[in-house]
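Trainee: Sequence:
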Amino acid sequence: MFFNIGWHDYLAPSVLTYKQPTVELLSTYARDDTKGVLTFRLQGRQHRLTYDTLNTIMGTYDSHNTDIYSYQWTQFKSFPKVEFWTQITSLPNFNPSRQKYPYIIHPCWRIAHQILSTSIFGRHEPGQINIVELYFLDCMTSRRWSCPTFTTFFLDKYDNIRMNSTGDICIGGPITLIGLGAGLQFPESEYVPVDDPPLYLLDCLALTRMELLLLTNSHHYSWLIHAKESIYILPNTSISAFTTSDPETWFLPEALHDDDDD
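For the sequence shown, this note's numbering gives the first residue as -15, with consecutive numbering after it.
Worth flagging that the hints you see were computed from the coordinates, not collected in a lab. Accuracy of the hints is not assured; some may be wrong.
As the list claims (entries may be wrong) - Quick list of the computed label-pair ranges, beta carbon to beta carbon:
no.	residue 1	residue 2	range
1	T18	Q71	15 to 23 angstroms
2	V116	V7	45 to 53 angstroms
3	T70	L164	39 to 47 angstroms
4	Y87	K19	25 to 33 angstroms
5	N77	Q4	41 to 49 angstroms
6	D16	F63	41 to 49 angstroms
7	E67	E172	40 to 48 angstroms
To be verified - Restricting the straight-line Cα-Cα distance to at most 25 angstroms, the calculated cross-link-like pairs of lysine to any residue (SDA-like) are:
no.	residue 1	residue 2
8	K3	S126
9	K3	S173
10	K19	S173
11	K3	Y119
12	K19	L164
13	K141	F(-13)
Each residue gets a CB set at the ideal place from its N, CA and C atoms; glycine is no exception.
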C-alpha cells in the first residue's frame, strides 16, 4: 500500500521522541516551497535540507510532474470519496465529522490509516477519518503517476501544529528522523516515554489464509474486498476477534493455522 504512493521505506525506521529537539525545530524552522528548501535549528546549530533530502530521510516521495512541490489539489478535490468510503466500509455515506476508523472493514486499511494519522498527521490516536486521510488511502489502492506530495503536506501539518496546538505535540518521531538525517545524535536517556503499546505488523500469511489478502506473482499482496464484517487482528493470533452480535471473543479456526503451530 505504501509502495503504491512511492513511500517504499516509510515504515522502516523506529525512533524515539525527544521533547527539546521537537520544540526547538518547530519554533525555528522556515520553508521555501519555490526552491524546495527547509531550514531549522537543532542543538543550537542552523541546518538546511532540500525537500528531496527530506524525502530520502523519511522514506517518502514527491511527484514532480505537476507544479513543483505542491499538492495535486485537482485530484484531491475530485477523488470519489463517497464511493471509496463505501467500498472499504460498506457504509452508504461519508461524513468526516462522524466517521471513525473502526468502521473500515479490512485490517490493512485500518492500520494504514493509524500509521498516517499518528505520524504525518500528528494525532495522538486515529479517531475520526477526515477527507485528506481518506484521499491518501485512496491513492494507496493502486500505483499511479499522480501521488500525494509528501513534503508540502507534511510541512503544512507542522505549521498547523506549531501555531495552533495547545495540547500535547504528537509529531516528535519524524523530527527525530530529521535530526538523525542531519547527522545529529540524541541521548537515549532524554527520550519521552510513550504509554501506548507499539504498533505490530500484520501477519500477511495468516491474512492470506483467511482470504483477506491475495499473494500475486510479483510477491506483493493485494487486498480483497469481499469481507462484510470488521475483523480485528491482534498481536496474539490466538485471540484475534471477529465482530459478531455475540459479546464474546472468537478464535481463529484450526484450518487457518499451520500444522506445526502451537
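Trainee: Run every hint past the structure and note whether it holds.
Mentor: Hints, verified against the model:
1. T18 with Q71: 15 to 23 angstroms: The hint (15 to 23 angstroms, Cβ to Cβ) is violated, given that T18 and Q71 are roughly 38 angstroms apart.
2. V116 with V7: 45 to 53 angstroms: For V116 and V7 the Cβ distance comes to about 26 angstroms; the hint is violated.
3. T70 with L164: 39 to 47 angstroms: Since T70 and L164 have Cβ atoms about 41 angstroms apart, the given range 39 to 47 angstroms holds.
4. Y87 with K19: 25 to 33 angstroms: 42 angstroms, violated
5. N77 with Q4: 41 to 49 angstroms: Given range 41 to 49 angstroms: holds, Cβ gap about 45 angstroms.
6. D16 with F63: 41 to 49 angstroms: 29 angstroms, violated
7. E67 with E172: 40 to 48 angstroms: 47 angstroms, holds
8. K3 with S126: 37 angstroms, violated
9. K3 with S173: Satisfied, since the Cα-Cα distance of roughly 12 angstroms is no more than 25 angstroms.
10. K19 with S173: Roughly 37 angstroms separates the two Cα atoms, so the pair is violated.
11. K3 with Y119: The given pair, whose Cα atoms are some 31 angstroms apart, is violated under the 25 angstroms limit.
12. K19 with L164: 23 angstroms, holds
13. K141 with F(-13): 22 angstroms, holds
Hint check: violations occur at hints 1, 2, 4, 6, 8, 10 and 11; the rest are consistent with the structure.
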